[in-house]
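Colleague: All chains, full assembly: derive it from the sequences and hints.
Respectively, the protein sequence lines represent chains A and B. Okay, so the first sequence: first residue is 1 according to the numbering used here, each after it adds one. Okay, so the second sequence: first residue is 1 according to the numbering used here, each after it adds one.
By construction, these hints were calculated from the structure, which means they are not laboratory data. Treat the numbers as computed from the prediction; the structure is a model and nothing was measured. Where a beta carbon is used, it is the ideal one built from N, C-alpha and C, also for glycine. No incorrect hints appear here.
Over 12 Å on every C-beta distance to chain A, these chain B residues come out as not near it, computed from the model:
id	residue
1	Arg-60
2	Lys-132
3	Pro-159
DEER-style ranges, computed between Cβ atoms:
id	chain 1	residue 1	chain 2	residue 2	range
4	A	Ile-460	B	Gln-160	25 to 33 Å
5	B	Pro-159	A	Phe-49	46 to 54 Å
6	B	Gly-33	A	Ala-23	50 to 58 Å
7	A	Val-520	B	Leu-16	21 to 29 Å
8	A	Leu-203	B	Leu-16	37 to 45 Å
9	B	Asp-131	A	Ile-536	41 to 49 Å
10	B	His-66	A	Gly-545	27 to 35 Å
11	A	Gly-548	B	Pro-159	40 to 48 Å
12	B	Pro-159	A	Ile-541	41 to 49 Å
No more than 30 Å apart at the CA atoms, straight line, and that leaves these computed lysine-lysine pairs for DSSO-like:
id	chain 1	residue 1	chain 2	residue 2
13	A	Lys-251	B	Lys-8
14	B	Lys-35	B	Lys-135
15	B	Lys-8	A	Lys-328
16	A	Lys-215	B	Lys-125
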Amino acid sequence: MSTKQTYRDEFPETARAIRYLLAAAFVSVGVAGLFGMLQALFRTDYLRFFSNSDYYTILTAHGVMMAYFFTIFSLVAIFAWAVTRSLDRPFPNPKFTMGWVWLMIFGAVLTLITIFGKWIPGLPLKADVLYTFYAPMKASPTFYLGLALFVVGSWLAGYDYFRTWWSWKQDNPDERIPLQTFMALTTMLMWYLSSLGVAIEVLVLLLPWSIGIVKDVNPLLTRSLFWYTGHAIVYFWLLPAYLLWYTVLPKLSGGRLFSDPLARVVFVLFLLLSTPVGFHHQYLDPGISQGFKFVTMTTTMFIVLPSLVTAFTVVASMEHGARQRGGKGYLSWLRALPWEKPEFSAMALAGLMFAAGGFSGMINAGMNIDYRVHNTIWIPGHFHLTVGTAVGLTLMGASYWLIPQLTGKRLRLTKLAMVQPYLWFVGMTFMSNAMHRAGLTGDPRRTADPTYQDVSFHGIVGSMGEMRMQIALGGVLLFVSLLLFLAVITRTWLGERDGDIRVNGVIPPALSGPEDGPRVLDNLWLWMGIAILLVIIVYAIPFAGLIGQSGLFGSSPGVVPGWILSFG
Amino acid sequence: MDIHRYEKIWIGISLLFVLGLIATVTYGAVGAGVKTIGNQGGTVNPNDLQNTPFGNPGVRKVGPNHYAVYVVARQFYYQPGTGKPITVPAGSDVTFYVTSADVIHGFEVVDTNINSMAIPGEVSKFTVHFDKPAKYGIICNEYCGVGHGSMQGRLNVVPQSQFNLTEANQ
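Modeller: Rendered as structure tokens:
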């Protein structure tokens, strides 16, 4: 038995902040998951007990709570753990840390009150604008303000990571940056650079417009600013999962990371390439030239590279672990892996689904094929594999391993925990596969009731009825899986601290350590400089063009709230 | 930097794969001629569509066997398209000009690869060719408000011999 203290005992105050963040993440995923199932059943016409208008409120809440709150609350928590663990020191000022934790929670609550405002009598707040909030569809100012405070909170979290590293560096001037800290810092640099788009969109354009200080906004400019952030934010969600795959999954497999230097190269590539890709969400937008779209297409395709490198390193590390556990043969070593441990199976299955999601992403990135899938239900089929499983299921797996270390309580309801990742995998297979196929028929996304008098969809493989049934079935299985997860976590959290927590936070060194890679990899400012340069090359001219064409505030047509129903 | 031989091979294959993906897209654009929507449509004042070609949307003849179709998307219909179908002759080139009078909409012709955003202030311009007569459905694929799910229209491709420009715009 290890005599090493748990994380909670070593860093009680940082552990407390992390517990707050994870609690906020779990509440978000629970409510958002329920809404997800209700949408799946509504859209497929199996269960309808609310109006079309409420469908879009629920869709807005699902997107905001899953894509912003569950992911970002979780990832700032994972990074907080990773930075303090790998630097072996807590955040310097617990009051400052709790300050940004509460700021993020306050921002999230303000945004949610606005979204649900239409259901609260006497509250003049509305935000049926979905999580992309494209202008000139308008939400109440508190929607934008809440999101802005939430993002500012994430910036301050990054400051905590950096200053903990700066203080460590003074004590260890000649050491390489520990790998987990390196990953958190490069990801935060990417986030500082990429969140500028939505920060400008919200603070300079949408918030003043929503309050009524400015009359119009330029719809294409706000949309382009959104997508400047909107694709990089996908990597902001994904990179904590990569951190876990690189540093925790090899240990859970029974081995060690294959290559530390290549892990650093991968994170540097994500810092460089994550932001100058946003126009690939706008291939079918007028007002942006084909040339700029083509440049973005090439940067998007190159971002496949770090993920392919990751696939090799992570699988090689797992194989190394399996062979340490007695695994043999070309493929039969797979059987030697601890598939009964939910923290392992969740991450491994998440990685497998990410491979499928990566391939559908390469199709989305193809400028000419995109006509066929753009804004069809293929797209949510794609991102429920990537963010919905690669990120979501990895975070669940990490929770099974981290919550005991953060609370000092062993995991309970372990049989339910053992089943949960597999149930998620099966549910997502049904739902995502059917969504992809339905998308190929032209079935649109974000629609309460995709049945039309004038239009019918023709399945290439399978019928529409069969696809809708699979979407509904998958949605229900996913929600049941989520309930199992929340039951395990809640029971664990409410349990007693009764000795051995049965996991330890020790992470063995990589087979090929940082000394095998050049020191220049750790020069964060160099990589940040190149990243800024790439953003200027890809975005400066098109943004100048957009502002030149229609001005900063543009000429959007009057005030058109999304909830006004006006036919004819 | 010390990289395992197998991993070097893998990275090499990955690079070729990425270049291959870019090559297929390039071929699609240059070889097969599938152009991406660009900024050729220009801009328009969405508060003053009346004094633009969108003031009188519909089908125009712009050349021998070449037609232009001006479409305005609104909450929650297409003008023309909803109620009265857009009618064009088979075997001709058709250039679409699509804009929005209010919020962002989509313009998707089901069973074809016609798919475009309709953004207020911007004109989406793209040219398509219909080989054979057919009846297609048009749907809005960008959330545009509570009536979004019902926003639809029709596009009829009729034989050359049955096409009459005046009737198409009635």
